[in-house]
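Here the protein sequences line up with chains H and U, keeping their order. Going left to right, the first sequence walks through residues 1 to 491 as the working numbering numbers them. Going left to right, the second sequence walks through residues 1 to 125 as the working numbering numbers them.
No wet-lab data here; the hints were simulated from the structure. Glycine included, every Cβ here is placed at the ideal spot set by N, Cα and C. Wrong hints could be hidden among the right ones.
[To be verified] The following label-pair restraints were derived from C-beta to C-beta distances: (1) H/Thr435 with U/Asn26: 28 to 36 Å; (2) U/Ser74 with H/Arg217: 44 to 52 Å; (3) U/Ile124 with H/Leu429: 20 to 28 Å; (4) H/Met1 with U/Gly100: 46 to 54 Å; (5) U/Asn26 with H/Met1: 28 to 36 Å; (6) H/Ile374 with U/Gly37: 26 to 34 Å; (7) H/Met1 with U/Glu7: 26 to 34 Å; (8) U/Gln19 with H/Asn40: 30 to 38 Å; (9) H/Arg328 with U/Pro70: 29 to 37 Å.
[Said to hold, decoys possible] Quick list of in silico lysine to any residue cross-link-like pairs, SDA-like style, CA-CA up to 20 Å: (10) H/Lys193 with H/Pro173; (11) H/Lys193 with H/Glu178; (12) U/Lys112 with U/Thr33; (13) H/Lys449 with U/Thr33; (14) H/Lys80 with U/Lys112; (15) H/Lys80 with U/Ile3; (16) H/Lys144 with H/Glu177; (17) H/Lys449 with U/Pro52; (18) U/Lys109 with H/Ile352; (19) U/Lys112 with H/Cys441; (20) U/Lys109 with H/Cys441; (21) U/Lys109 with H/Cys351; (22) H/Lys193 with H/Glu177; (23) U/Lys109 with H/Gly353; (24) H/Lys472 with H/Thr117; (25) U/Lys109 with H/Cys437; (26) U/Lys112 with H/Glu439; (27) U/Lys109 with H/Glu387; (28) H/Lys449 with U/Ala2; (29) U/Lys112 with H/Asn440; (30) H/Lys327 with H/Arg250.
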Amino acid sequence: MNYSIALTSANSEALAKHLLRSDGQEDVCFALWSPGQGANRLTAIVSEAILPLEGERHVHGNASITSGYLSRATALAMTKDMGLAFLHSHPWPGWQDMSRDDRATELRQAPSVLAATGLPLVGMTIGTDRAWSGRVWMKAAPRKYERRWCETVRVIGSNGLEMTFHDEQLPPPAFREELKRTISAWGEAAQQKLARIRFGIVGLGSVGSIVAESLARMGIEHIKLIDYDHVELHNLDRLLHANVKDARLRRRKIDMIERALKMSATAAQPVFERHPLAVTEADGFGEALDCDILFSCVDRPWPRYVLNYIAYAYLIPVVDGGILIRKRRDLLRNASWKGHVVYPGKRCLACIGQYDPDLVNVERQGQLDDPTYIENLPVDHTLRRNENVFPFSAHLASSLVLHALHLSLNPVGIADVGEQTYHFVDGTLDADRGTLCYENCFFPSIVGKGDLVGLPITGTDVGATRVRASSKLKPHQQKKSGGASRRGKRS
Amino acid sequence: MAIFGKEAFAAGLKELGYQSEDLGENRLAFNYTIPTGRFDGQVIKVGIEVPPDFHVTCPTGPHISPRLIPINPSGGPHDRAADSGFGGDWQYLSRPFVDGTNGWNRTTKDVKAYLRHVQRVLEIL
Chain H
1 MNYSIALTSA
11 NSEALAKHLL
21 RSDGQEDVCF
31 ALWSPGQGAN
41 RLTAIVSEAI
51 LPLEGERHVH
61 GNASITSGYL
71 SRATALAMTK
81 DMGLAFLHSH
91 PWPGWQDMSR
101 DDRATELRQA
111 PSVLAATGLP
121 LVGMTIGTDR
131 AWSGRVWMKA
141 APRKYERRWC
151 ETVRVIGSNG
161 LEMTFHDEQL
171 PPPAFREELK
181 RTISAWGEAA
191 QQKLARIRFG
201 IVGLGSVGSI
211 VAESLARMGI
221 EHIKLIDYDH
231 VELHNLDRLL
241 HANVKDARLR
251 RRKIDMIERA
261 LKMSATAAQP
271 VFERHPLAVT
281 EADGFGEALD
291 CDILFSCVDR
301 PWPRYVLNYI
311 AYAYLIPVVD
321 GGILIRKRRD
331 LLRNASWKGH
341 VVYPGKRCLA
351 CIGQYDPDLV
361 NVERQGQLDD
371 PTYIENLPVD
381 HTLRRNENVF
391 PFSAHLASSL
401 VLHALHLSLN
411 PVGIADVGEQ
421 TYHFVDGTLD
431 ADRGTLCYEN
441 CFFPSIVGKG
451 DLVGLPITGT
461 DVGATRVRAS
471 SKLKPHQQKK
481 SGGASRRGKR
491 S
Chain U
1 MAIFGKEAFA
11 AGLKELGYQS
21 EDLGENRLAF
31 NYTIPTGRFD
41 GQVIKVGIEV
51 PPDFHVTCPT
61 GPHISPRLIP
71 INPSGGPHDR
81 AADSGFGGDW
91 QYLSRPFVDG
101 TNGWNRTTKD
111 VKAYLRHVQR
121 VLEIL
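Just chain H, same shape as in the assembly (with noise of 0.2 Å):
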């Protein structure tokens, strides 16, 4: 199990003010977490600080806490259902290691807090540069208590994504000759940055594919491909590397983009994970959670809603897109592309237009796979528009891994460009920045509560069970699709 730590930059800045002192000396404090519990990481998502009454703590130099404190602060996790989070600081900038104090300290609140709040003790460390550390103290057994240093802390919000890295669990990876232009572009320590980040990918169609390409070119060294789906022969025109023998396999998307990336990735050691999931089903879900960043590549409301509860539930930024093509008497009319990324402060997808709940329990319901439906709804429907081209999908890819890179490395202080829409008939660029959520919105109201929320978001999906299913029938036992039987190559 992996261990990290998040929290928005509304809570960081309440926090750094405290802790950071004007007179150098270290002060401390508590906070409440709520866990965001992934497939292999665990993430201790921190919100409310509960700062020192008078008397409560004293500061010498270093600080110390009474055991009043400790129990009012106990006493309010266990009120709120939530974790613990002891917080000091450092006169010092950094990834902050901890003291023979510091560790002692802990230890001693380690067994009370869980026996009361039933969640471990988080302890986090804040140094000068506001930079966090984390640690999670674990039961290892009777009375035995282990520190589990978190991977990252990540802070998301007005300066987009914020992180800290422990460089012994995640070690800043050296860079091969192949990086050079990219690293000369933003700095080494930019790259250093980028290439740590967990990035996710759902949905490894026309969009995702190229994503993909493009951050293992860039030298990401982990990244998480969720999609269920296999090639098929109506892909060809538009899924960057996959072939004629892939659709006639019906290669799964993510084993045939794994494949091209293993040839295009410039990481000094990348690891490309494969899940043939939803991120509709509690798997996916799970596998969803371990990431930093998530690109939203989906095409439908069901997958799209629950990566936005992700982003704000579980202040994972999510970065998504789609494309609209319309036209008239069989000639193209328009065609324009949105990129924008949602996390707390910013407006959701269900907001922006990017999903229609009332569909998603049509697609909860199996009905966006049964054809009888989807005929019977009105021609220029959403989901009836599967009309794409590849330099379209192509441009869009490259728009949500640049907002990517601005909330990453926050440029001349800019980490959001804003909702962008591209129009491709007269070449213009819309961009809509500060919109926020309707008043009656649900995801506002649910920023940083991780499981807590406790929402039954994931389920049995039906297209994905199919596809599956159909997966394990050898490929002359599955219906033919249609299309031409014999082809020349292609590369």
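Start from chain H and add chain U according to the hints.
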């Protein structure tokens, strides 16, 4: 922790004065008097497949018993009706939620908002 799904829907119906019947799984039914339209005044049963995350998402169209219109799965927006998993004397009216010009996300996302949709569906049958 907030409640969702069938429990939340049943609680919402109760608040509005409806007695709901638990049909198992995610299904509820309740008696409903159609207030206007062709079937004005008729008391029917309305069945709902409640999504587990109601109120964040809304149910799909209502199921009704007895059948009021002919089964016509390929029909238009006002006369489409399909067989229902609720049973032989039920029919399913597949109707995307709309409240004026708003989708579910822009409503109060409660049972009252959903029942306004049910009323509209039934009054224009």
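Verification of the supplied hints:
no.	hint	verdict
1	H/Thr435 with U/Asn26: 28 to 36 Å	holds, 35 Å
2	U/Ser74 with H/Arg217: 44 to 52 Å	holds, 48 Å
3	U/Ile124 with H/Leu429: 20 to 28 Å	violated, 42 Å
4	H/Met1 with U/Gly100: 46 to 54 Å	holds, 49 Å
5	U/Asn26 with H/Met1: 28 to 36 Å	holds, 33 Å
6	H/Ile374 with U/Gly37: 26 to 34 Å	holds, 29 Å
7	H/Met1 with U/Glu7: 26 to 34 Å	holds, 33 Å
8	U/Gln19 with H/Asn40: 30 to 38 Å	violated, 47 Å
9	H/Arg328 with U/Pro70: 29 to 37 Å	holds, 35 Å
10	H/Lys193 with H/Pro173	holds, 10 Å
11	H/Lys193 with H/Glu178	holds, 18 Å
12	U/Lys112 with U/Thr33	holds, 15 Å
13	H/Lys449 with U/Thr33	violated, 41 Å
14	H/Lys80 with U/Lys112	violated, 30 Å
15	H/Lys80 with U/Ile3	holds, 16 Å
16	H/Lys144 with H/Glu177	violated, 46 Å
17	H/Lys449 with U/Pro52	holds, 19 Å
18	U/Lys109 with H/Ile352	holds, 18 Å
19	U/Lys112 with H/Cys441	holds, 17 Å
20	U/Lys109 with H/Cys441	holds, 9 Å
21	U/Lys109 with H/Cys351	holds, 14 Å
22	H/Lys193 with H/Glu177	holds, 18 Å
23	U/Lys109 with H/Gly353	holds, 17 Å
24	H/Lys472 with H/Thr117	violated, 45 Å
25	U/Lys109 with H/Cys437	holds, 15 Å
26	U/Lys112 with H/Glu439	holds, 18 Å
27	U/Lys109 with H/Glu387	violated, 33 Å
28	H/Lys449 with U/Ala2	holds, 12 Å
29	U/Lys112 with H/Asn440	holds, 15 Å
30	H/Lys327 with H/Arg250	violated, 31 Å
The structure does not agree with the numbered hints 3, 8, 13, 14, 16, 24, 27 and 30 stated previously, though it agrees with the rest.
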